[in-house]
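Engineer: Next come the chains, spelled out residue by residue.
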Amino acid sequence: MSAQKKRNFKIEAFKHRVELDPKYAERTWKVLEHAIHEIYNHNASGLSFEELYRNAYNMVLHKYGEKLYSGLVTTMSGHLKEIAKSIEDSQGGLFLEELDRKWGDHNKALQMIRDILMYMDRTFVPINHKTPVHELGLNLWRDNIIRSGKIQTRLLDTLLDLIHRERTGEVINRSLMRNITKMLMDLGSSVYQEDFEKPFLEVSASFYSGESQQLIECCDCGEYLRKAERRLTEETERVSHYLDVKSEVKITSVVEGEMIANHMQRLVHMENSGLVNMLVEDRYEDLSRMYNLFRRVPDGLSTVRDVMTSHLRETGKQLVGDPERLKDPVDFVQHLLDEKDKYDKIINKAFNNDKSFQNALNSSFEYFINLNNRSPEFISLYVDDKLRKGLKGVSEEDVEVVLDKVMMLFRYLQEKDVFEKYYKQHLAKRLLSGKTASDDAERSMIVKLKTECGYQFTSKLEGMFTDMKTSVDTMQGFYTSQYCETGDGPTLAVQVLTTGSWPTQPSAPCNLPAEILGICERFRTFYLGTHTGRRLTWQTNMGTADIKATFGKGQKHELNVSTYQMCILMLFNSADQLTYREIEQAIEIPAPDLKRCLQSLACVKGKNVLRKEPMSKDIAEDDAFYFNDKFTSKFIKVKIGTVAAQKESEPEKQETRQRVEEDRKPQIEAAIVRIMKSRRVLDHNTIVTEVTSQLQSRFLPNPVVIKKRIESLIEREFLERDKNDRKLYRYLA
Amino acid sequence: MASGRGRIRFNVGGKIFETTATTLANAGRHSMLGALLDDSWNPRQTVEGEAAANAEYFIDRSPACFAVLLDLLRTGELHVPPNMPEKLLYREALFYGLLDQVRAALWGPFDGNRLQLVDSVSGRAPGDGTAIRAGPDGGCCVAHGSMVHVYDWMLEEHRPISLDYQQVNDVGYIDAESIVITARERLGKGDGGMGVFSSSTGELRHRFRVSHYDQVKSFTAGALSFGSSDYKIFASCKGRCNEYGIGVWDQITGQQADFFYEPPGCSLGDADKLQWLDGDKCLMVATLFPRTDNCFIGLLDFRDKGVIWSWSDAGTSVSLSLDEKRVLHAIAIEDSRSICVVNQYDDLGFIDLRSNAGGVRWSSRSKLTNRKAPNEESCYPKLATHNGQLFSSMNDGISVFCGPEWVLTSTLRRSYGGSICDFSIGGDRLFALHSEENVFDVWETPPSRFI
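As they're listed, the protein sequences go chains A and B.
Numbering follows this note's numbering, in which position 293 of the first sequence is assigned residue number 299; successive positions increment by one, without gaps.
Numbering follows this note's numbering, in which position 85 of the second sequence is assigned residue number 86; successive positions increment by one, without gaps.
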């Protein structure tokens, strides 16, 4: 019994797993879903964050993360669809405001939802590679609102319309615009770019294309540029007010392209207001604007530069070719300098001291200065003028400024050796006539030439200065040794010039008066006594004399005349009347010189110490001359100048040219030999290029001349032609 | 809050805590407490501040843990009562979103000379681990045969990554969530290669491909390196045909970005060690004994596919006797323009990167132990650098060298577990894997305390 009663104690397997309420997940989700609804309906004040957070936490903990996440997506999408509807329904102008307001609401709601689901965001999302809640909210907003069919185009149209209105002068709500564009940026840069920026740039391009078309028809160049500049600043301001910073480069390049690059040629060549007019009228402000605008577009500056260059070349060509200007060398050079100053100022003030513009300016000057082969002479004459008198009473610094400017022109010269030739002549005249205004200025000029062209260029010029100095010493020595013998006789001042350093002058015959001849002989003996083996030749054509003359009423004057004039006047010590032929016979100086001397003695009013029969301007060979005892003058000292052609006369010019060509020959030959000596074998073209580059600092050798010199060298057996290749030359040691 | 001057009262599981807004600000806005106090959840506060001052926030959690965490927010220090399991505290910290603060309070910035052994973790698998790698967040993973065991920074083991009998060659972290594994290809199976796995779920997320002439090839992937600045992954690859060399992939897209074919005389496909040099923008490749008889170290420039520097011990010795000093591991030290190497006698040596023909300058200074005949259990030495400190594993210990002359400053050693077969530094921790027992040690620098 008892055994039967005794039931077998059986341990049953534990069948029921401790399971949560199966409805648990559903119930918890309902609580959270309700909370999300309340948040979207601005009714969150009744919600307990702690409870919601705990619920969401528990759902994730109990592996309902997926349900929670997908529930969130569904619920949020649902709300966003409703929001989309209400935005769609908003009336015209209120559309953006409604969108902005809803965006604000959504952001706030998203923040609160994210708070609740924070635990899910931290654990479930990264492990399962889901989009985090915040990003998910933005993506859903993008897909349900911004890219929903009815809103997308309306939003874009509204934004573009507002911008268009602002461009046409209306005031728009910028802060609203900023909020909307910021929303697009928050949704990701691709949303901003695809949904707004790209169409914005397209619309802007067509707007500015139209506007520029219209403006260019009715505005002059300056005004157009002003308007383009204003548009550019407007667009930059727009970006700073309500667009993404990265849009600035893009929109400005659209404006630049449409308003400037597309109309560049038309703008610079605009009639009566284009670049040339601006340059002529020195319109710095317009020029500067053009520079700054054109700089922004490809090929902009080169366009400006090309136009400037061609204009400069054209005007320069006219300037150097103008026969009126050629009459006055000083004026001619002054004009060049003024032109240079003008463009220097433009480049400085308007073109930002742009190096490429400076180079263009320099090359233009180089181009047209060398068009006129008298430029070297004229520049030297200009210096001569300045150093004779032009610089009197001018401070040292100003002298330097003038000389520096001249040097700048000098740099443009291709035929620097021609300049040297003329400069030597002019310097000689200045030194011998004692007319240099300032020794310092002279020396400063020499130093400048030396630094520019080297020692060789100026060694002869410096020799001239040395001669002048030693002459002073020599004269002192002469008078100390001859002290007792001079007495009342004429005083002699001799400048001993080294042959070669000075411009060679054909020594013309001249019969000096006996008084002078005597002292000259004494000087010759003195000089050759101290310097053996030298030869002295008198250069009477370059001398001057001071003579005392007493006229009819006993008035005494001191006459400052040239040596030739002195000789003429001395003849009248023994006669009151002489014919032209008598004078010519007596002193034997060349006829043109004689005529000039007589002209200056007899025909210049106020200085006519001689009288001429018949009274006429020109000297004829059968004229007669009388001592003019009626001569009067306010001054005791009377300076009688020579009627001299300051500028070279045509034959003189030819002569100088020829001399220059002659002088170039040995230089070219020397260059050829130097090159061949080091290279041994060369072809013709290479020789020509190398010779040209070696001599460039002095002059541009003519290839034909080079060829002639080569031939001459072959004749003299310095070179030979290669037997196989006739183009090759060989150096013969 | 006006009356309380920023005082806030909590009721956590029935216990009242009072603290200040300043203390709670240390939790940050993106924590549960930060959100709880945020204005968006307390709209009444701003309107009727008086009433809210007396309100208390109820939180349905354990008060004991809250006390510890509140103390952490107040002081920045973590003091866990002896009766409180760490796991419990971590769980609560995760609830409040304070896990980052807890981790920061647990150990400080890495310093090789101040390391303390904090834990030794035994795994289930038998010994013979291949490699151990430290993760950027303080976790680690251990490769055994065809398995990779993953541990998070709390040293909790996650689901292991199983490669279905393919031998794991190397592992590495892209980030805390992603682990790259290279595996050996088995004959005729077309498997092997390399892939990215999730560290939390162990799932395969991406397989890296190598294609030659637009044909995808199967390959064996060896050593790994990660370019830090341009998000590249480098791996030595051996294919069936001549696809030996270094493959390059993009970390973000996972696509093949480049391939450096092995030039004659340089064995790249077999490389044991790759190291991307950020300053020089080139990759160090080292192929070492016992994989090859001759050791080769080279620097590769991917821009023009050139070997810009190389060193080899080929031809230096005629007799390959056992006593020969062999380079067994190498690491480039960019700051001192040299490559540090170690031999079987645990001597450190340096090769100058500035000259192309230099030899190894063996350093006697680093010799620390009497040269023992290498017994059977010993492992090949390994090298690592971190913040100007050089680490070298030797038998059962790790030596730390500092300064320009690389003077031995510390030794890390534990009494059991056998010799160290691999170690790794990362996430401000050092992990050392022992060869005899399947156990790895965790070394940390204690956080600096203000006392």
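Rather than coming from a laboratory, the hints here were simulated on the basis of the structure.
Among the hints, erroneous ones may be present.
Claimed, not checked - Here are the simulated DSS-like pairs of lysine-lysine, each with C-alpha atoms no more than 30 Å apart in a straight line:
no.: 1; chain 1: A; residue 1: K466; chain 2: A; residue 2: K435
no.: 2; chain 1: A; residue 1: K36; chain 2: A; residue 2: K108
no.: 3; chain 1: A; residue 1: K643; chain 2: A; residue 2: K554
no.: 4; chain 1: A; residue 1: K427; chain 2: A; residue 2: K475
no.: 5; chain 1: A; residue 1: K323; chain 2: A; residue 2: K427
no.: 6; chain 1: A; residue 1: K323; chain 2: A; residue 2: K256
no.: 7; chain 1: A; residue 1: K430; chain 2: A; residue 2: K108
no.: 8; chain 1: B; residue 1: K88; chain 2: A; residue 2: K69
no.: 9; chain 1: A; residue 1: K252; chain 2: B; residue 2: K233
no.: 10; chain 1: B; residue 1: K306; chain 2: A; residue 2: K136
no.: 11; chain 1: A; residue 1: K611; chain 2: A; residue 2: K395
no.: 12; chain 1: A; residue 1: K29; chain 2: A; residue 2: K136
no.: 13; chain 1: A; residue 1: K640; chain 2: A; residue 2: K441
no.: 14; chain 1: A; residue 1: K136; chain 2: B; residue 2: K88
no.: 15; chain 1: A; residue 1: K73; chain 2: B; residue 2: K88
Stated by the list, open to error - Listed next, the stretches of chain A that the computed footprint assigns to chain B, with coverage defined by at least 3 CB atoms under 8 Å from CB atoms of chain B:
no.: 16; stretch: 55-62
no.: 17; stretch: 172-179
Where a beta carbon is used, it is the ideal one built from N, C-alpha and C, also for glycine.
Engineer: Check the hint pairing A:K430 with A:K108 against an upper bound of 30 Å on the C-alpha distance.
Structural biologist: The hint is violated at about 91 Å.
Engineer: Hey, A:K427 versus A:K475, does the alpha-carbon distance stay inside 30 Å?
Structural biologist: holds, 22 Å
Engineer: Are A:K252 and B:K233 close enough, with their CA atoms no more than 30 Å apart?
Structural biologist: Roughly 28 Å separates the two Cα atoms, so the pair holds.
Engineer: Does A:K640 pair with A:K441 here, judged by a C-alpha cut-off of 30 Å?
Structural biologist: holds, 23 Å
Engineer: Would you check the hint for A:K323 and A:K427, treating anything up to 30 Å between C-alpha atoms as holding?
Structural biologist: Distance ~25 Å between A:K323 and A:K427 Cα, so the pair holds.
Engineer: Starting from A:K643, check that the Cα of A:K554 is at most 30 Å away, please.
Structural biologist: Holds. A:K643 to A:K554 sits at ~9 Å (cutoff 30 Å).
Engineer: If you draw a straight line from the CA of A:K36 to the CA of A:K108, is it 30 Å or shorter?
Structural biologist: holds, 25 Å
Engineer: Compare the distance between the alpha carbons of A:K29 and A:K136 with 30 Å, and conclude whether the hinted pair is satisfied.
Structural biologist: holds, 26 Å
Engineer: If you count the residues of the stretch 55-62 of chain A with a beta-carbon closer than 8 Å to a beta-carbon of chain B, do you get 3 or more?
Structural biologist: holds (count 4)
Engineer: Is the straight-line distance between the alpha-carbon of B:K306 and that of A:K136 30 Å or less?
Structural biologist: Cα-Cα ~39 Å, so violated.
Engineer: A:K611 and A:K395 were given as a pair; does the straight-line alpha-carbon distance stay at or below 30 Å?
Structural biologist: holds, 23 Å
Engineer: How about the stretch 172-179 of chain A: do at least three of its residues have a C-beta closer than 8 Å to a C-beta of chain B?
Structural biologist: violated (count 0)
Comparing the model with each numbered hint stated earlier shows that hints 6, 7, 10 and 17 do not hold.
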